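Heads up: the sequence shown at position 503 corresponds to 503 in our numbering, and the numbers run straight through without jumps.
By construction, these hints were calculated from the structure, which means they are not laboratory data. The structure displayed is predicted, hence computed values, not measured ones. Don't take every hint at face value.
What the hints assert, rightly or not - Pairs of lysine-lysine residues, derived as DSSO-like cross-links and limited to a Cα-Cα distance of at most 27 Å, are as follows: (1) K528 - K513; (2) K508 - K270; (3) K81 - K430; (4) K528 - K385; (5) K51 - K76; (6) K433 - K76; (7) K352 - K31; (8) K79 - K270; (9) K45 - K81; (10) K51 - K79; (11) K51 - K477; (12) K45 - K477; (13) K81 - K51; (14) K477 - K430.
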Amino acid sequence: MARLDRNFIPPEGETTTYHNPSTSSSSYPTKPTPTTLEQEETEEKVLNCFKQFLLNQLGNKPNAEFNTETDETAIKIHKEKHLNYLQKAIFSIPQQFSGLDASRPWFVYWILHALELLREEEFIERNVTKERVRTFLMQCFHDSKTKTGCSSASIEADGTTTTTTTAYRPGISGGFGGGPRQLTHLATTYASVAAMCISGAYRSGGEREEAITSNPILDRSLIYRFLLSRKDPVTGGFSMHDEGELDIRGTYCAIAVASMLHILTPELAKDVDKYVLSHQSWDGGLSGEPGLEAHGGYSYCGFASLCILGVDYLPRSFGGKSDNSLDLERLLHWLSHRQMQAEGGYQGRTNKLVDSCYSFWQGTTFVIMRHCWEMLHAEQRNRNKNSADGKNNLLLPDLPKATNWSMPEPLQMYVFLACQEEEKGGLRDKPGKRPDYYHTCYSLSGVSAAQNIFETTGEIGFKENLLEHTAHVSGDKQRNKVKPIDPFYNVGIDKSFKMESYWAEVNKREPFKSPTLGELGSEGAGVKFWRKRFREFTEKDFEKL
Numbered sequence: 001m002a003r004l005d006r007n008f009i010p011p012e013g014e015t016t017t018y019h020n021p022s023t024s025s026s027s028y029p030t031k032p033t034p035t036t037l038e039q040e041e042t043e044e045k046v047l048n049c050f051k052q053f054l055l056n057q058l059g060n061k062p063n064a065e066f067n068t069e070t071d072e073t074a075i076k077i078h079k080e081k082h083l084n085y086l087q088k089a090i091f092s093i094p095q096q097f098s099g100l101d102a103s104r105p106w107f108v109y110w111i112l113h114a115l116e117l118l119r120e121e122e123f124i125e126r127n128v129t130k131e132r133v134r135t136f137l138m139q140c141f142h143d144s145k146t147k148t149g150c151s152s153a154s155i156e157a158d159g160t161t162t163t164t165t166t167a168y169r170p171g172i173s174g175g176f177g178g179g180p181r182q183l184t185h186l187a188t189t190y191a192s193v194a195a196m197c198i199s200g201a202y203r204s205g206g207e208r209e210e211a212i213t214s215n216p217i218l219d220r221s222l223i224y225r226f227l228l229s230r231k232d233p234v235t236g237g238f239s240m241h242d243e244g245e246l247d248i249r250g251t252y253c254a255i256a257v258a259s260m261l262h263i264l265t266p267e268l269a270k271d272v273d274k275y276v277l278s279h280q281s282w283d284g285g286l287s288g289e290p291g292l293e294a295h296g297g298y299s300y301c302g303f304a305s306l307c308i309l310g311v312d313y314l315p316r317s318f319g320g321k322s323d324n325s326l327d328l329e330r331l332l333h334w335l336s337h338r339q340m341q342a343e344g345g346y347q348g349r350t351n352k353l354v355d356s357c358y359s360f361w362q363g364t365t366f367v368i369m370r371h372c373w374e375m376l377h378a379e380q381r382n383r384n385k386n387s388a389d390g391k392n393n394l395l396l397p398d399l400p401k402a403t404n405w406s407m408p409e410p411l412q413m414y415v416f417l418a419c420q421e422e423e424k425g426g427l428r429d430k431p432g433k434r435p436d437y438y439h440t441c442y443s444l445s446g447v448s449a450a451q452n453i454f455e456t457t458g459e460i461g462f463k464e465n466l467l468e469h470t471a472h473v474s475g476d477k478q479r480n481k482v483k484p485i486d487p488f489y490n491v492g493i494d495k496s497f498k499m500e501s502y503w504a505e506v507n508k509r510e511p512f513k514s515p516t517l518g519e520l521g522s523e524g525a526g527v528k529f530w531r532k533r534f535r536e537f538t539e540k541d542f543e544k545l
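Between the sequences and the hints, there should be enough to build the whole structure, so can you do that?
Here you go:
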């Protein structure tokens with residue numbers, strides 16, 4: 001169990017021993033509290049799931065041999081059940097989700113991404129065509145050309161479309177709302193663009209048309225104006241919607257959307273590093289707003305934003321001695337203490353319960369941290385090479401093994417044994433909870449991140465490592481291996497590269513320039529650096545992932 005660490009400051013020196021869930025120890029307070037009682041109850045439920053699996057596989061024979069990787073006794077992901085759960089949602093969302101009517105693009109994203117993680121691309125192409133995705137999401141888009149009203153389309157199970165028109169269209173042009181005729185919002189704009197990335201709905205043409213020959217569907221200049229309208233000139237952050245809350249989620253959504261569409265400019269990125277720094281809590285994590293409690297989702301949002309932008313927005317040392325840059329060591333220290341000792345999954349905040357969605361929010365931050373470290377090492381080598389005195393200008397320790405920071409196998413054990421709904425499909429927060437599309441999406445995303453933390457750095461040996469890698473896959477290695485994700489956007493890595501190639505080609509024909517300052521758009525230096533290691537990958541290689 002991970003609890004409040006009163007000695008959160010790591011020891012001095014280049015070598016730091018980080019938290020290891022299997023060897024860490026902590027003690028309960030002498031007097032039980034509601035927090036400790038809930039923790040004990042959760043631990044008991046999770047451990048019962050582990051015990052039940054062992055009893056089922058051993059046939060109640062305590063002396064039987066047990067191997068978690070054999071076909072007969074392996075830990076398995078119930079793909080068929082999850083596919084059935086997701087397939088039903090394509091045509092009809094259960095009534096209990098009606099309260100999330102303002103999150104309809106999120107449902108599109110959660111379901112599509114979960115399907116692609118399960119390697120069901122053929123099912124997506126056959127049943128969820130990009131035309132269907134485009135038809136719905138573009139009804140959520142606010143186009144300045146539409147002044148008198150907007151049309152909304154509902155797609156029936158037989159594929160027919162029913163269209164209605166209304167004169168009411170709130171919100172600022174250029175963003176996506178939570179549904180047709182709803183307020184434009186940065187979160188649903190991110191979800192819509194990510195869903196379009198997965199389905200290919202960002203370009204015109206049929207399912208098989210080559211990306212480089214098709215015309216773009218999205219008006220990037222209009223989207224850019226919407227993103228810029230959300231920029232806060234005082235803090236450097238972004239508000240979620242018109243007169244909406246200003247928190248670190250908005251910054252990530254804006255930076256990620258701009259990066260995916262290759263419209264990221266210095267104008268949008270201005271002071272983002274200072275804004276993120278203001279959210280670092282005393283214990284190292286990042287909060288939603290300055291001065292609040294550190295949180296796994298907010299930590300991912302803030303740190304991913306900086307890493308998309310690149311090394312110029314990151315600190316120049318790992319120890320965080322400067323007051324003007326993010327303290328990476330404290331962030332890593334906080335992150336590594338969020339993996340739970342008994343359950344194996346992650347908690348989102350100190351002294352909170354385990355939750356499968358943090359498999360992504362916490363787990364993928366480790367992947368990005370590793371990438372950040374590589375960027376800083378490359379910067380260090382370049383500076384030392386160009387330094388007149390040859391001195392080391394950056395204070396960076398060597399990159400440690402990925403498993404020094406987190407343990408991928410216990411995380412997968414938690415997701416596979418404690419979070420799968422075995423009868424109806426879907427994944428849940430924790431035992432005792434009902435499955436939902438959000439947790440199905442993000443728990444599988446976290447499994448992908450855990451399976452793809454590589455010891456190989458740079459480009460040497462990376463291709464072979466990625467294509468053949470199963471070392472961190474728990475249980476049935478072939479069945480349980482899910483699709484690798486792009487850690488910056490949380491979409492399939494192959495879909496991310498297809499979208500990148502498309503916008504790069506569009507920019508060759510007609511470079512994007514911001515309508516305000518005329519600055520050239522890009523995907524961000526951090527993402528560009530990350531893509532270098534994939535330069536030898538062919539289209540067939542991406543299909544194998």
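Each hint tested on the structure:
Restraint check: the Cα-Cα separation between K528 and K513 comes to about 19 Å, which is no more than 27 Å; the hinted pair holds. Between K508 and K270 the CA atoms are separated by roughly 25 Å; this keeps the pair inside 27 Å, and the hint holds. With a C-alpha separation of about 18 Å, the suggested pair K81 and K430 falls inside the 27 Å cut-off, and the hint holds. Distance check on the hinted pair: K528 and K385 sit about 22 Å apart at the alpha-carbon level, within 27 Å; holds.
Annotation: proposed proximity of K51 to K76 holds, straight-line Cα distance about 15 Å (limit 27 Å). Restraint check for K433 and K76: satisfied, since their Cα atoms lie roughly 20 Å apart, inside the 27 Å limit. For a cut-off of 27 Å, the pair hint linking K352 to K31 stands: about 18 Å separates their Cα positions. Proposed proximity of K79 and K270 is contradicted: the alpha carbons are some 44 Å apart, above 27 Å.
Using a Cα cut-off of 27 Å, the hinted pair K45 and K81 holds, with the two alpha carbons roughly 22 Å apart. Straight-line distance between C-alpha atoms of K51 and K79 comes to about 22 Å, which keeps the hinted pair within the 27 Å bound. Simply put, K51 and K477 have alpha-carbon atoms about 21 Å apart, close enough for the 27 Å limit, and the pair holds. Restraint check: the Cα-Cα separation between K45 and K477 comes to about 26 Å, which is no more than 27 Å; the hinted pair holds.
Between K81 and K51, the direct Cα distance comes to roughly 22 Å. Compliance with the 27 Å bound is thereby established for this hinted pair. Straight-line distance between C-alpha atoms of K477 and K430 comes to about 23 Å, which keeps the hinted pair within the 27 Å bound.
Going through the hint list in order, the structure does not satisfy hint 8, though it satisfies all others.
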